[in-house]
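Using the hints, build the complex out of the two chains.
Residue numbers (our numbering), protein chains in the order written: chain D, 1 to 294; chain P, 1 to 340.
Hints may contain errors.
Cβ-Cβ distance ranges computed for the label pairs, FRET-style [as the list claims (entries may be wrong)]: (1) His68/D with Glu109/P: 52 to 62 Å; (2) His181/P with Trp114/D: 56 to 66 Å; (3) Leu95/D with Tyr13/P: 22 to 32 Å; (4) Leu95/D with Ala195/P: 42 to 52 Å; (5) Ala288/D with Glu219/P: 58 to 68 Å; (6) Ala288/D with Arg103/P: 25 to 35 Å; (7) Ser289/P with Pro215/D: 45 to 55 Å; (8) Asp193/P with Ala21/D: 55 to 65 Å; (9) Gly102/D with Gln238/P: 43 to 53 Å; (10) Glu122/P with Ala21/D: 57 to 67 Å; (11) Glu98/D with Ala111/P: 33 to 43 Å; (12) Ala27/D with Arg103/P: 54 to 64 Å.
Straight line, CA to CA, 20 Å or less: simulated DMTMM-like cross-link-like pairs of lysine to aspartate or glutamate [what the hints assert, rightly or not]: (13) Lys177/P with Asp193/P; (14) Lys74/P with Glu28/P; (15) Lys74/P with Glu54/P; (16) Lys90/P with Glu54/P; (17) Lys90/P with Asp188/D; (18) Lys90/P with Asp189/D; (19) Lys90/P with Glu128/P; (20) Lys182/P with Glu76/P; (21) Lys74/P with Asp189/D.
Read the hints as simulated data drawn from the structure, not as lab findings.
Where is the CB? At the ideal position from N, CA and C, for every residue including glycine.
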Amino acid sequence: MLARFSYDDRSAALLVLPVMAVLLVVAAFPILYSFWVSLHDIVLTRPLRRPFVGLENYWRMLGDARFHTAVLRTTVYTVVTVGVTTVLAVGVALLLNENFRGNKLLNTLLLLPWATPSIVNGLMWKWIYDPTYGLLNAVLLKLGLIEHYRAWLGDPDLTLLLISNAAIWKQMPLAALLLIVTMKAIPDDLYRAAKVDGATVVQRFVHVTLPALRPGLMLVLVYETMISIRHFDLFLIMTQGGPGDASYTLSWLIYVETFRSLRFGTGAALSYLLAMLTFLLSWLFIRAFGERNG
Amino acid sequence: MAAITCQGLTKRYGGVTAVQALDLAIAEGEFMVLLGPSGCGKTTTLNMIAGLEEISDGTLLFDTRDVTRLPPHKREVAMVFQSYALYPNKTVAQNIGFPLKLRGVAPAEIARAVAEVAEQLELTALLERRPNQLSGGQRQRVALGRAIVRHPSVFLMDEPLSNLDATLRLSMRSLIKRLHHKLRATFVYVTHDQAEALTLADRIAVMQGGVIQQLDTPEGIYERPANTFVASFLGSPQINLLRQGLPRPGWVPAGREVVIGLRPEDVARPGDGLVTLSGRVELVSPLGSETQLELSVGEATLTLRVPKDWRVAEGETLDVGVDPARLHVFDAATTMRIAP
Numbered sequence: 001m002l003a004r005f006s007y008d009d010r011s012a013a014l015l016v017l018p019v020m021a022v023l024l025v026v027a028a029f030p031i032l033y034s035f036w037v038s039l040h041d042i043v044l045t046r047p048l049r050r051p052f053v054g055l056e057n058y059w060r061m062l063g064d065a066r067f068h069t070a071v072l073r074t075t076v077y078t079v080v081t082v083g084v085t086t087v088l089a090v091g092v093a094l095l096l097n098e099n100f101r102g103n104k105l106l107n108t109l110l111l112l113p114w115a116t117p118s119i120v121n122g123l124m125w126k127w128i129y130d131p132t133y134g135l136l137n138a139v140l141l142k143l144g145l146i147e148h149y150r151a152w153l154g155d156p157d158l159t160l161l162l163i164s165n166a167a168i169w170k171q172m173p174l175a176a177l178l179l180i181v182t183m184k185a186i187p188d189d190l191y192r193a194a195k196v197d198g199a200t201v202v203q204r205f206v207h208v209t210l211p212a213l214r215p216g217l218m219l220v221l222v223y224e225t226m227i228s229i230r231h232f233d234l235f236l237i238m239t240q241g242g243p244g245d246a247s248y249t250l251s252w253l254i255y256v257e258t259f260r261s262l263r264f265g266t267g268a269a270l271s272y273l274l275a276m277l278t279f280l281l282s283w284l285f286i287r288a289f290g291e292r293n294g
Numbered sequence: 001m002a003a004i005t006c007q008g009l010t011k012r013y014g015g016v017t018a019v020q021a022l023d024l025a026i027a028e029g030e031f032m033v034l035l036g037p038s039g040c041g042k043t044t045t046l047n048m049i050a051g052l053e054e055i056s057d058g059t060l061l062f063d064t065r066d067v068t069r070l071p072p073h074k075r076e077v078a079m080v081f082q083s084y085a086l087y088p089n090k091t092v093a094q095n096i097g098f099p100l101k102l103r104g105v106a107p108a109e110i111a112r113a114v115a116e117v118a119e120q121l122e123l124t125a126l127l128e129r130r131p132n133q134l135s136g137g138q139r140q141r142v143a144l145g146r147a148i149v150r151h152p153s154v155f156l157m158d159e160p161l162s163n164l165d166a167t168l169r170l171s172m173r174s175l176i177k178r179l180h181h182k183l184r185a186t187f188v189y190v191t192h193d194q195a196e197a198l199t200l201a202d203r204i205a206v207m208q209g210g211v212i213q214q215l216d217t218p219e220g221i222y223e224r225p226a227n228t229f230v231a232s233f234l235g236s237p238q239i240n241l242l243r244q245g246l247p248r249p250g251w252v253p254a255g256r257e258v259v260i261g262l263r264p265e266d267v268a269r270p271g272d273g274l275v276t277l278s279g280r281v282e283l284v285s286p287l288g289s290e291t292q293l294e295l296s297v298g299e300a301t302l303t304l305r306v307p308k309d310w311r312v313a314e315g316e317t318l319d320v321g322v323d324p325a326r327l328h329v330f331d332a333a334t335t336m337r338i339a340p
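Excised from the complex, chain P in its bound form (with noise of 0.2 Å):
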């Protein structure tokens, strides 16, 4: 296990910055997700930790030791990558045992180790297959496999699950969250999908630009986005954010100007300490546990996640409770959360 220290960690092609002075430090056995859009610098911090990206400024440590300009290899850390990059030509046991064969570990200790992966993966009965015999979540297996096998102190994965299918990504979501568990090494997961960093993530850096927008908990992440740009990108539905439409709290000061945000499924039936909002549903989509629908109070149009005893029809006007504590405030000219 280590701790994983950057310290201004800069990625430039040519004239392009594609990371820019990053500071980030990650605990010894803890799981940090870097989670942000395509092109926001995720991939590239990975592999600059990896080594497969030249550091074009700052310093990369690994508990006290600098690492900035050591090769891949020598930083002991394993990656998994989105397409699994299985070597074709090797069996499962082969692929799974490489790493090993690499450092000269004695063939009969090979066989050893790679049954015991193989039995925690579940893989013992695929050992003598060529990956093309294999399927995509079968081939996640191996991809981590090859990575556990030779104990390393920090484990890297590229958006690992992005090629499997939603049934198949859940399962496997699981499984890297109990292998984090009972490894107890650190891990540092690239994805754009929120749902595996909020699941996943003791904590969550969301990059955008190169730069860390905001570094917390996922509860922190979701309940207090620090601008505008993380506030959207987590939830799902997108949170509603509008300039004008949704109660203004009473602590904002009168005349800044404001962008308030509305979490979908922070509304409820109209009561007491709650702002009431009358409108017209636009739009109701049953999605079996709950209801989606759409809306139109005054000029705005609000994306609600309600219960679905609500009983919504198209059409008929509804009123709604808001309570103005859920309600997430920015300023409109920084785009920067605003706090009490």
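Excised from the complex, chain D in its bound form (with noise of 0.2 Å):
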């Protein structure tokens, strides 16, 4: 059996093998299981009795109201963070492509907030945003454009646009990155020939920038709305879901119902079915922005 393969191929199967055994424990195992769990009905106030129940944890929450109203925090969280970060990052990504005095610093500091740890950029937020002693109100009130002191993530209108603020200043310096190293891959002489050929600068971005971007893009739109969409630390540690359900996001949902709920089934079925929307969510992009000509 073994004689079927060359001596290169035994070898690389035996130096590959380690890995293999270490990422059939660390990932492979925990997915099967998490999926097992997704199909019990596992609390653990009862960790005794775990009663196989197939799908009904899946139908259970999909009919569930906080489910509802989750998938639509989630959403309008995920296309304002995903959509400004991008946008944000063209932009910056066009500037930083520039030659002008002062680029290398500035593409320096541009990576500063992504340098930050999660935990520390929930806390600054927080503290920025506080009704007591806000940098936001100070601002505000100096400026005139308040008469007292607010409690900004009080506000449930405005709870998820803050927090998706918070999570731009992270996320937009990696995205912008991103999109600089695929800018400087374009070769000048598209620009030099559509100037020539008569086109305007906003010309010149449509028809030579933004196609070069295609995969740069993609990736920045693919790993952001991953990111987002299974946000958690910055609502953990601004809002915790409120005020009442207008931060409660899936993985809100699902860290409400597996740990302080402690129930681990639906808490598994919710997370796959998180997984299952970022699978499809990042197959549309990949279709909709990735190379068509192979």
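Dropping the structure here:
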């Protein structure tokens, strides 16, 4: 049997075996085990009774009003975060792709928010929004835009947008960096040809830059969507799903279901639903922006 | 069609002068080649004519119109790049029609113009392909198509054949020459390839150090090089330039330090009116139609091209005849040509 494979093939298999074994333990097993959990009614308050319920956990969650709210909140949060992050990243990349004095310093500074740990970022923005000593209140009051300090995160209409703002602050630099790398690869001759052909600045952006940015944009959209749709730490630090259900996202619902209600079965089912949603969106972006000519 | 006049055209990058007060008058419908080694300023000059580089000093006229400060699209020039510069996301038809689309030409008119150009360049079967599905030669034909579709008054070409293999380069060279004959537009063509320059040009401007070293017809440049740089830049193998070892024509004033130049092909069997050089054959390289050899004459080594029927062998002594009238004489100090 082994003789069917060459010496090189067998050596390669032997060398990757340890990594495969580790991956099996840390990746494949949890994935399969959580799927098994999602098919059982597991509640930690009665750990010994674990009846097999098939897809019932999935159906129950799909019909749950909290799930509908969470999908809506997650959609709004993801669309705003990914949309604004991408547009800002394109703008910043266009700026930093130009040659000007201080360009390198700006490139370095750009990475600072990205290098900040998520927890620190969440705490920093929570302080900025704070109703008693927050910087935002101080600045707006000084500018005369508000008459008294406000509890920004307590406003259900603003909560998601404010959390989204904190996420954009942290995520935009990496997106801009990915786009700058893509932009650097655009041959200068394309711009020169477009200039000679008579293209204006906007037409050069539309006909040269944007098409060339497709791979970078795809990467940014897929990555930012995967990050945003599963965001949890900012919600935990800043609002804990509130006020009311104003920031009740899918990740928060999974956390509440699993670690507060201790219903591991439905928590695992929700996790699988979130994973499927992530895969679906990524697939759509790859189809829309992926290379068409192979 | 337009005549191009460069008056004192200068390009500076900080403290570096890439092109120095260049004066050049290109006639309407002329095929002008800017020839020179890398970094000589030929592409910078072309870019200034195109409007892709700001002109630091001097004036640029198209006929009598001052275009010195005009942006590229207002100069009505078309440019072909070494890298082809085709828009990768557009089909061949869209690439060719793009300049017309930007000018607001009606789609039906664009389709007609694209079809006509495609027919001319044998691209009709490829119109729906994208650049990455084309060979190098096909891509360069698309780039030419994009240039000719809007009937510009001036064609600018920046080493358009450099990325092609030798065979394709020859056929594309013929295509460009035929296009020039047909369109009778003004062509400015940048290359470092002397064969391209000699075969395509009505006139050649040989450049070095941001300055035109000589402006003349291909024959004039080859037969009467203005200085040792031009003499050695054109011709393959290079001209033999020696202070000693070659006969000194009688008209050269005695005592003047000169460099004598002998083109490798300017030798014959010894005979009447020829000065005989005798030397040892060091190396023989058959080239098919002729033979290249290295001949040691005293301290000097000459590279020569002789007919293949000379049947020369390495190590033997060979006598060759040199016509003094075919020798090139340059001042040793200034490197400039001296004529009788």
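* Hint check against the structure, violated hint numbers in rising order -> Going through the list in order, the structure violates hint 16 alone and respects the others.
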